[in-house]
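Colleague: Sequence:
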Amino acid sequence: MNSLGYPVIDADGHVEETGVDWVRRLDGDWGDWAPRYISDGRHESGQGRLTIEGKVFPRWEDKWGRGSRPITVHKPAHQWTGRPGMTDPKARLADMDLEGIDVAVLFGGALSSAAIGLVENPALALATCRAYNDWLAEYCGAAPDRLKGVAAVPFQDPEAGARELQRAVREQGLVAVRVPTWPDGRDPGARRFDPIYAAAEELGVPACLHLLSARTVGADRFDNFFLKHVFYGADVFMAFAGMLAGGVLERFPGLRIGVFEAGCGWIPYLMERVHEHWELFSDQLPHLTRDPAEQMASDRCFYTIEPEETTVPFVAARVGDGRLMYASDYAHFDCMCPDSVSTVAGRSDLGSDLKRRLLGENAARLFGLKV
Numbered sequence: 006m007n008s009l010g011y012p013v014i015d016a017d018g019h020v021e022e023t024g025v026d027w028v029r030r031l032d033g034d035w036g037d038w039a040p041r042y043i044s045d046g047r048h049e050s051g052q053g054r055l056t057i058e059g060k061v062f063p064r065w066e067d068k069w070g071r072g073s074r075p076i077t078v079h080k081p082a083h084q085w086t087g088r089p090g091m092t093d094p095k096a097r098l099a100d101m102d103l104e105g106i107d108v109a110v111l112f113g114g115a116l117s118s119a120a121i122g123l124v125e126n127p128a129l130a131l132a133t134c135r136a137y138n139d140w141l142a143e144y145c146g147a148a149p150d151r152l153k154g155v156a157a158v159p160f161q162d163p164e165a166g167a168r169e170l171q172r173a174v175r176e177q178g179l180v181a182v183r184v185p186t187w188p189d190g191r192d193p194g195a196r197r198f199d200p201i202y203a204a205a206e207e208l209g210v211p212a213c214l215h216l217l218s219a220r221t222v223g224a225d226r227f228d229n230f231f232l233k234h235v236f237y238g239a240d241v242f243m244a245f246a247g248m249l250a251g252g253v254l255e256r257f258p259g260l261r262i263g264v265f266e267a268g269c270g271w272i273p274y275l276m277e278r279v280h281e282h283w284e285l286f287s288d289q290l291p292h293l294t295r296d297p298a299e300q301m302a303s304d305r306c307f308y309t310i311e312p313e314e315t316t317v318p319f320v321a322a323r324v325g326d327g328r329l330m331y332a333s334d335y336a337h338f339d340c341m342c343p344d345s346v347s348t349v350a351g352r353s354d355l356g357s358d359l360k361r362r363l364l365g366e367n368a369a370r371l372f373g374l375k376v
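Start counting at 1 in the sequence shown, then tack on 5, and there's your number in the working numbering.
Derived by calculation from the structure, the hints in this document are not laboratory data.
A couple of the hints might just be wrong.
Below, simulated EDC-like cross-link-like pairs (lysine to aspartate or glutamate); rule was C-alpha separation at most 20 Å, straight line [what the hints assert, rightly or not]:
id : residue 1 : residue 2
1  : Lys95     : Glu143
2  : Lys360    : Asp288
3  : Lys360    : Glu206
4  : Lys360    : Asp326
5  : Lys375    : Asp139
6  : Lys375    : Glu176
7  : Lys95     : Asp139
Small disclaimer: the values here were computed from a predicted structure and weren't measured.
Whenever a hint applies, use it, and build me the whole structure from the sequences.
Modeller: Quick look at the structure:
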């Protein structure tokens with residue numbers, strides 16, 4: 006247990022799939038289509054850019070922009086980029102102890118991002134997801150009480166995705182399913198994806214909306230990293246609105262949804278927008294019986310915060326203090342590790358009860374964790 010006296014759960018940490026022989030791990034002979042990491046001029050082969058299905062992912066211009074200068078982070082607290090713990094669970098546990106994190110929920114990087122929504126061949130997507138889930142379960146096996154993995158399933162083939170989710174949860178012990186913001190080029194609220202949501206509901210695990218590492222609204226519109234990154238999270242709340250308007254929560258009344266890596270300041274804005282449009286145009290959504298704004302504040306929707314986000318007290322008052330969760334974003338270049346927990350715990354504008362819920366209780370409810 007950390008020094009705070011209650012469990013701290015990181016709702017959104019990351020692993021990185023570099024340094025793994027994915028060609029060997031995938032079922033079948035995929036030849037040049039099999040995923041592998043290649044040299045990009047800055048990293049050695051096995052550590053650089055991902056190629057899968059014969060394509061490089063993400064495209065450099067999608068993620069950073071042709072007009073961007075080399076990226077330098079000018080905030081001293083942001084020092085934990087690319088830690089060994091992204092691939093080595095023992096190093097991860099040491100970093101968690103230093104930060105004061107008891108349990109970490111783990112999302113993947115480029116490989117799993119490509120597999121769940123961007124690879125065009127459904128069979129390759131499934132094979133990649135299976136290999137990734139097996140690897141992630143092995144990673145979490147170093148400390149299964151502290152490391153909790155989020156499954157990747159192929160949204161390109163929802164029936165196969167549902168079966169893989171059943172396997173990943175029941176056989177591998179993973180605790181959630183990752184939902185891409187633009188799965189297979191579609192709105193995640195589309196009925197096409199119902200088999201995956203039905204499986205998640207049956208298993209009692211949440212559907213977690215999380216960014217892909219490129220192909221975002223900002224990537225499509227801007228050619229400068231500053232603007233791309235400012236709007237990095239816009240895809241998340243747009244996709245969440247699609248799930249609300251699509252009726253996912255009404256079709257699956259036992260399903261919980263988590264919304265990740267977008268902060269929380271957008272939540273009141275979106276609530277006002279969907280409420281106004283529900284009053285004006287509810288006939289456009291004849292399948293809904295409930296105002297989407299009410300659904301956003303229900304006990305089935307959860308949202309991560311940024312440690313220094315000034316809107317946290319207001320948003321907690323708006324949606325309830327049982328909806329927001331701490332997330333480290335370990336170990337991306339803009340994370341606040343190893344000071345993210347202490348930053349939240351040390352805030353004078355948050356009450357002690359809210360801090361306890363932010364730092365652990367709410368994530369435990371979303372993921373069904375007993376800590």
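Colleague: Each hint should be assessed against the structure and marked as holding or not.
Modeller: Status of each hint after checking the structure:
no.	hint	in the structure
1	Lys95 <-> Glu143	12 Å, holds
2	Lys360 <-> Asp288	40 Å, violated
3	Lys360 <-> Glu206	29 Å, violated
4	Lys360 <-> Asp326	9 Å, holds
5	Lys375 <-> Asp139	23 Å, violated
6	Lys375 <-> Glu176	19 Å, holds
7	Lys95 <-> Asp139	18 Å, holds
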